[in-house]
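Engineer: Chain by chain, the residues run as shown.
Number of protein chains: 2
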Amino acid sequence: MQDLRVIKTKMTIENAFAELILEKGLDAVKIVDVTNRAKVDRHTFYRHYKNKNDLMDHMIADFFGEFAELIEKQPPFSIGYQSSDKLTQFLINDLAPFISSKQHILRVAQQELSATFSKVSRQNIRDTIHQKLDADTPEIEVYIIIGICTALMQYVVDHKTTPTKEAVLKTLNDLNAFTTLG
Amino acid sequence: MQDLRVIKTKMTIENAFAELILEKGLDAVKIVDVTNRAKVDRHTFYRHYKNKNDLMDHMIADFFGEFAELIEKQPPFSIGYQSSDKLTQFLINDLAPFISSKQHILRVAQQELSATFSKVSRQNIRDTIHQKLDADTPEIEVYIIIGICTALMQYVVDHKTTPTKEAVLKTLNDLNAFTTLG
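If you read the sequences in order, they're chains A and B. Using the working numbering, read the first sequence as starting at 1 and increasing by one per residue. Using the working numbering, read the second sequence as starting at 1 and increasing by one per residue.
Honestly, I wouldn't trust all of these hints.
As the list claims (entries may be wrong) - Derived DSSO-like pairs: lysine-lysine, alpha-carbon spacing no greater than 27 Å straight-line:
1) 52(A) with 24(A)
2) 24(B) with 50(B)
3) 8(A) with 39(A)
4) 132(B) with 165(A)
5) 132(B) with 73(B)
6) 132(B) with 160(A)
7) 170(A) with 170(B)
8) 170(A) with 132(B)
9) 52(A) with 30(A)
10) 170(B) with 132(A)
11) 170(B) with 165(A)
12) 30(A) with 160(A)
13) 170(A) with 165(B)
14) 50(A) with 30(A)
15) 160(B) with 73(B)
16) 24(B) with 8(B)
17) 24(B) with 39(B)
18) 39(A) with 52(A)
19) 132(A) with 165(B)
20) 50(B) with 8(B)
21) 132(A) with 160(B)
22) 52(B) with 39(B)
23) 52(A) with 8(A)
24) 52(B) with 160(B)
25) 8(B) with 73(B)
26) 160(A) with 8(A)
27) 50(A) with 24(A)
If you are wondering where the hints come from, they were derived from the structure by calculation, not from laboratory data. All figures in this text were calculated on a predicted structure; none of them were measured in a lab.
Take these sequences, add in the hints, and give me the full structure.
Structural biologist: Here it is, written out as structure tokens:
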């Protein structure tokens with residue numbers, strides 16, 4: 001477990017880096033731009049990162065680390081009886097604000113990184129969520145839960161804002177209106 | 001509109017090509033392998049495609065063309081009142097069988113193609129489905145519908161089989177159990 005102050009400093013640097021990449025492209029970003037934007041000195045920067053590539057690697061690894069921690073903290077959720085409310089709560093209260101705070105990093109990941117990364121990251125998100133579901137959750141349900149989580153994540157990245165609780169609840173509520181079994 | 005026999009021949013060639021790529025990798029596949037597998041002669045092949053790259057381009061373009069036609073044929077669907085049943089019917093009766101018949105091509109697309117393609121294709125699928133939704137559909141609902149469609153597509157690609165109607169219906173039904181508005 002890292003010192004909270006260290007974690008906060010690294011978050012500030014990584015967010016500044018992501019913002020700058022979106023503004024002028026990865027190649028044009030210099031370390032001095034990052035330290036200026038993040039308001040940290042060069043010493044602080046080089047205590048945590050070797051260079052720009054190392055910063056990129058840490059930024060992505062830290063994102064997945066924090067995402068895994070966020071999921072880890074949740075009670076197990078599944079769509080089924082008595083627990084879909086937990087899913088909705090998780091989407092609105094946990095996932096949306098987290099993604100919102102990381103939106104620059106996700107946008108960089110989608111714009112700048114390779115197909116391999118994009119495949120690995122989808123798999124990573126899938127596996128993390130999968131571990132939280134009951135072992136006997138039907139496979140198609142696993143896919144649909146992950147589809148809904150990634151839909152919410154993409155919404156936040158594209159719109160730079162989180163959806164309202166009411167809109168998400170209404171969508172999930174409407175989903176099964178007039179569907180009938182058999 | 002192309003002759004149906006021509007469409008069928010091209011589908012056979014493109015499916016054979018996709019199967020061969022999955023078996024031995026794109027570089028190792030020769031045109032003669034494709035014509036043997038598809039049981040067509042070289043003349044027929046070269047009437048439709050210039051070379052292997054051209055075949056790859058057509059295979060992907062034809063996939064998106066047929067996907068767009070499939071969506072085009074649907075009545076408008078949204079999650080809302082009276083129409084979510086149409087969504088379920090579409091998922092089970094139309095989308096799952098279509099993706100199942102194209103699973104080799106989708107698997108090739110996911111394994112062999114670039115980040116740019118994977119971005120373009122997600123955008124393409126998103127835009128096609130988006131056009132089918134009411135103009136006043138809330139944005140988050142659009143994302144969640146597309147998330148569910150792509151979840152089903154990914155399920156079919158990964159499992160090489162379509163889910164049962166009962167399993168999909170159960171998942172959609174369970175989604176809003178115990179969710180409450182407000």
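Engineer: Checking one constraint from the list: CA of residue 39(A) to CA of residue 52(A), max 27 Å. Satisfied?
Structural biologist: holds (17 Å)
Engineer: What's the verdict on residue 50(A) and residue 24(A), does the C-alpha distance respect the 27 Å limit or exceed it?
Structural biologist: Judged against 27 Å, a Cα distance of about 22 Å means the pair holds.
Engineer: Holds or violated: residue 132(B) and residue 73(B), Cα atoms, limit 27 Å.
Structural biologist: holds (10 Å)
Engineer: Given the hinted pair residue 170(B) and residue 165(A), is their alpha-carbon gap at most 27 Å?
Structural biologist: holds (24 Å)
Engineer: Verify the proposed pairing of residue 50(A) with residue 30(A), using a straight-line Cα cut of 27 Å.
Structural biologist: Holds: residue 50(A) and residue 30(A) sit about 13 Å apart, inside 27 Å.
Engineer: Residue 30(A) and residue 160(A): Cα distance at most 27 Å?
Structural biologist: holds (25 Å)
Engineer: Run the distance test for residue 24(B) versus residue 50(B): straight-line Cα separation, threshold 27 Å.
Structural biologist: Holds, at about 22 Å.
Engineer: Would the hint linking residue 160(B) and residue 73(B) be met if the CA-CA limit is 27 Å?
Structural biologist: holds (25 Å)
Engineer: For the pair we were handed, residue 170(A) and residue 132(B), check the Cα-Cα distance against 27 Å.
Structural biologist: The hint holds at about 20 Å.
Engineer: Holds or violated: residue 50(B) and residue 8(B), Cα atoms, limit 27 Å.
Structural biologist: Roughly 18 Å between the alpha carbons, so the hint for residue 50(B) and residue 8(B) holds.
Engineer: Run the distance test for residue 132(B) versus residue 160(A): straight-line Cα separation, threshold 27 Å.
Structural biologist: Status holds; Cα separation ~25 Å.
Engineer: Are residue 52(A) and residue 30(A) close enough, with their CA atoms no more than 27 Å apart?
Structural biologist: Answer holds: residue 52(A) to residue 30(A) is near 8 Å, not above 27 Å.
When each numbered hint is compared with the structure, no violation occurs for any of them.
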